[in-house]
Amino acid sequence: MILCFSAQITYHIKIMATDLENKMETMIGAKALMKALEKEGVKEVFGLPGGANLPMYDEFARCDIRHILTRHEQSAAHMADGFGRVSRKPGVCFATSGPGATNILTGIATAQADSAPMVAVTGQVPVAMIGRDAFQESDIIGMANPVVKYAFQPRDAKEIPEVVRKGFFIAETGRPGPVLIDIPKDVQQNEAEMVFPDEFKIRGYHPWTDPDMVNIEKAITMLLSAEKPVILAGGGTIISSAFAELQALAELLMIPVVTTFKGKGAFPENHPLALGPIGMHGHAEANKIMTEADCVLAIGTRFSDRSVGTFEEFEKRLKIIHMDVDPAEIGKNQTTSVAVVGDVRASLRIMVKMLMQKAVKQTEENIWIKHVKETKTYWQENLKLHPGEMGAAKILRKLRELLPHQSIVTTEVGQHQMWASLFFDVIQPGTFFSSTGLGTMGWGFPAAIGAKVAKPDVAVVDIAGDGSFAMTENSLATAVLEDIPVIVFVLNNFTLGMVAQWQRTFYDRRMIGVDQGKYCPDYVKLAESYGAQGIRAESMDELDRAIKSALSSDVATVIDIPIDPEEDVLPFVAPGTSLGDMVLPS
Amino acid sequence: MWAILSLLVENKPGILFKVTHLFRSRNFNIDSISVGVTENPEYSRMTITTYGDEKQVEQIVKQLDKMIDTIEVKHLDEHKTVYRELSIFKIKLSNANDSMEINKLANAYGGKVHDVKKDSIMVELTATPDQIAAFEELAAPFGIIDVARTGVAALQRSGA
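Those protein sequence lines, which keep their order, are chains L and P.
In this text, residue positions in the first sequence follow this note's numbering: the first is 131, and each later residue adds one.
In this text, residue positions in the second sequence follow this note's numbering: the first is 127, and each later residue adds one.
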């Protein structure tokens with residue numbers, strides 16, 4: 131076997147620039163940074179200043195970029211992440227050296243795990259101080275290496291314009307991801323003759339491949355000959371906005387669509403062919419159909435353990451067609467029958483076109499699709515829900531009822547997140563975002579703020595739990611002072627609920643380290659102390675009023691909804707088992 | 127299986143760190159690694175040998191190729207490749223005949239003898255890892271004091 135990937139590719143990127151602007155200009159590194167950001171179309175930067183990035187901060191006084199001050203660098207990174215996922219352009223965050231830089235690491239790792247475009251800019255100690263354990267020095271390039279798509283550390287001010295151009299290009303092309311630019315303080319301060327390049331070379335980066343016609347053809351043959359085909363749409367479907375193509379394919383061939391959790395909302399969840407997410411806390415009907423299928427078209431997914439359960443079980447039963455922009459995902463977790471490498475939207479478009487040329491259209495409901503619909507109806511009618519008035523399903527369905535479909539929803543991480551997966555239907559594709567890969571508690575609220583900055587005209591709601599919200603609740607200051615009115619929807623069980631559920635299930639109810647204390651803090655008062663609106667909703671009527679009030683409010687609102695701490699998220703596929711071993715509510 | 131990977135990478139600081147870090151973080155093992163600048167000073171050539179089944183090796187190659195600093199990544203077919211490793215052995219001399227015996231052994235493997243002292247001798251041997259292992263086995267009874275090995279350097283034969 132000889133695998134040979136050779137590429138010497140030069141990208142010719144034309145940026146909108148007049149000849150005049152192209153001429154060399156003498157300026158300091160920090161000014162060049164801001165100018166380069168402006169050229170990338172950056173309007174907002176999320177961040178927090180410190181000693182080593184003061185030269186950059188000083189430039190905010192002389193440019194049109196808005197600075198949005200956060201209370202913690204991790205939140206700045208999550209805001210940039212939320213902004214990036216919604217706008218599909220890299221969100222930008224700034225942090226200082228040392229602890230500022232280490233604080234954004236969790237945010238960078240979160241963006242990397244979920245392939246979100248981001249450019250993080252950190253200050254660094256002056257070049258001559260690097261390696262001497264200077265005050266607030268950290269080797270952030272070394273630390274960040276495994277969790278970034280790429281990292282730059284310009285050592286000369288004149289490198290900055292090209293580094294920024296390359297950084298944005300890398301962050302947003304191919305499989306998106308976070309890029310770190312670490313700039314020593316003297317490099318920010320030094321003057322240089324700056325050239326803002328139209329062209330640049332990245333020899334070892336080849337994010338685009340031509341559509342793989344041969345394998346697309348093979349995939350079509352395989353799909354058409356399958357008796358029980360399923361489409362599994364992953365996060366890549368959302369990243370590439372392949373919504374129309376996915377729907378066209380599913381409708382053309384009458385194939386049911388399940389998603390991964392990250393792919394939730396790649397396909398309208400009220401569509402007759404939609405079964406919702408599979409996985410550890412997938413929909414019963416989705417897991418059920420997945421275990422019965424004989425062929426899966428997997429689009430933009432890495433077959434995460436949380437989605438497919440045990441890998442061996444999954445691939446034993448199924449012919450897998452895998453479409454992904456990242457060739458390294460092919461065969462990483464699952465052995466595939468057919469691999470289609472390339473942008474999934476382009477590949478799906480070709481697939482649909484080929485099918486239309488062949489005049490293939492499934493109009494009759496076959497046995498499989500009838501069975502799929504019966505299964506769906508059965509579980510929608512028979513899944514046992516919490517009997518109380520304020521059960522998670524009822525609460526989230528109420529939110530869905532009142533929230534316009536174009537609203538953006540983020541989540542924190544925990545039980546509420548999985549309830550959102552189960553009970554909050556995403557109708558308009560690409561409006562639901564969550565920290566699905568790294569599972570970062572505290573992500574949802576700052577990400578919602580970033581999302582609202584990207585799309586100020588739609589309502590943005592963070593479906594939260596009390597444990598997760600506590601991690602970045604100080605972003606209320608940013609939401610209020612920067613006038614970014616998002617809604618935090620807290621399902622408050624006064625507990626680290628998911629951990630508690632595992633302790634109830636696997637550790638014989640020994641509840642260790644999960645009690646959050648009743649109203650500690652009181653989220654209504656906490657919200658009010660920041661100048662936000664705080665509303666407690668203890669009944670469906672109160673919830674109805676609270677949501678309506680939040681939607682019409684021009685300040686950020688926290689809705690605190692006390693729920694039963696004993697409510698479990700079900701169905702549940704225990705770790706290390708397969709989707710067929712789903713535990714149902716009894 | 128044993129695999130020889132040949133990487134053409136940007137000749138910039140920090141690339142070796144990134145490559146070795148990738149092996150660590152993806153749970154792959156490096157058997158040997160050698161690095162040197164190429165005829166074009168903008169590039170370095172890294173030769174890495176590793177063990178894994180075919181699927182693992184394919185995954186290593188893909189992950190390495192995904193790295194932005196790698197220009198080219200090849201899994202070399204060892205039958206179509208010239209690959210050698212430099213090793214230096216320091217061997218104990220206990221008996222009067224040892225020096226001569228070791229000289230003969232070194233000659234048989236195409237090695238060179240250096241630094242002959244009263245109680246030790248050094249042998250420089252450039253060979254394949256298998257040949258070096260065979261030499262080591264035969265030299266062991268004399269008592270090996272130290273060994274330094276460079277790791278494999280490899281280039282594919284023309285037309286292969």
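Be aware that one or more of the hints could be misleading.
Claimed, not checked - Below, a list of computed lysine-lysine pairs in the DSSO-like style, where the Cα atoms sit at most 27 Å apart:
#1 L/Lys488 <-> L/Lys500
#2 P/Lys218 <-> L/Lys348
#3 L/Lys331 <-> P/Lys243
#4 L/Lys331 <-> P/Lys206
#5 L/Lys358 <-> L/Lys524
#6 L/Lys514 <-> L/Lys528
#7 L/Lys585 <-> L/Lys219
#8 L/Lys348 <-> P/Lys230
#9 L/Lys348 <-> L/Lys462
#10 L/Lys462 <-> P/Lys244
#11 P/Lys230 <-> P/Lys218
#12 L/Lys446 <-> L/Lys348
#13 L/Lys449 <-> L/Lys514
#14 L/Lys449 <-> L/Lys483
#15 L/Lys528 <-> L/Lys446
#16 L/Lys358 <-> L/Lys331
#17 P/Lys218 <-> P/Lys188
#18 L/Lys491 <-> L/Lys503
#19 L/Lys503 <-> L/Lys446
#20 L/Lys678 <-> L/Lys528
#21 L/Lys358 <-> L/Lys219
#22 L/Lys524 <-> L/Lys655
#23 P/Lys188 <-> L/Lys446
#24 L/Lys449 <-> L/Lys528
#25 L/Lys528 <-> L/Lys358
#26 P/Lys243 <-> L/Lys449
#27 L/Lys462 <-> L/Lys488
#28 P/Lys218 <-> P/Lys181
#29 L/Lys449 <-> P/Lys138
#30 P/Lys181 <-> L/Lys446
#31 L/Lys288 <-> P/Lys138
#32 L/Lys462 <-> P/Lys230
#33 L/Lys358 <-> L/Lys288
What the hints assert, rightly or not - With the C-beta cut set under 10 Å, the calculated list includes, among others, these residues of chain P facing chain L:
#34 Lys144
#35 Ile194
#36 Lys216
For the record, the hints were derived by calculation from the structure and aren't laboratory data.
Please read all numbers here as calculations on a predicted model, not as lab measurements.
Note that beta-carbon positions come from the ideal geometry of N, C-alpha and C, so glycine has one too.
query: Between L/Lys462 and L/Lys488, is the straight-line Cα distance small enough, at 27 Å or below?
result: Distance ~33 Å between L/Lys462 and L/Lys488 Cα, so the pair is violated.
query: For the pair supplied as a hint, L/Lys449 and L/Lys528, is the alpha-carbon distance within the 27 Å limit?
result: 39 Å, violated
message: Please verify whether L/Lys524 and L/Lys655 have alpha carbons no more than 27 Å apart.
response: Cα-Cα ~25 Å, so holds.
- prompt: Within 27 Å, alpha carbon to alpha carbon, are L/Lys449 and P/Lys138?
  reply: 43 Å, violated
message: Checking one constraint from the list: CA of L/Lys348 to CA of L/Lys462, max 27 Å. Satisfied?
response: 21 Å, holds
message: Checking one constraint from the list: CA of L/Lys358 to CA of L/Lys219, max 27 Å. Satisfied?
response: Violated. L/Lys358 to L/Lys219 sits at ~38 Å, over the 27 Å cutoff.
field: 27 Å Cα cutoff - pair L/Lys462, P/Lys230
entry: 50 Å, violated
- request: Measure nothing beyond the straight line between the CA atoms of P/Lys218 and P/Lys188; if it is 27 Å or shorter, mark the hint as holding.
  value: Distance ~45 Å between P/Lys218 and P/Lys188 Cα, so the pair is violated.
query: Between L/Lys491 and L/Lys503, does the CA-CA distance stay at or below 27 Å?
result: With Cα atoms ~19 Å apart, L/Lys491 and L/Lys503 stay inside 27 Å; holds.
- prompt: Within 27 Å, alpha carbon to alpha carbon, are L/Lys446 and L/Lys348?
  reply: Between L/Lys446 and L/Lys348 the Cα gap is close to 20 Å, so the pair holds against 27 Å.
- prompt: Taking 27 Å as the top limit, are the C-alpha atoms of L/Lys678 and L/Lys528 close enough?
  reply: 11 Å, holds
query: Are the Cα atoms of L/Lys449 and L/Lys514 separated by 27 Å or less?
result: Violated, at about 33 Å.
Hint compliance for this structure: hints 2, 3, 4, 5, 8, 10, 13, 15, 16, 17, 21, 24, 25, 26, 27, 28, 29, 32, 33, 36 are broken, all remaining hints hold.
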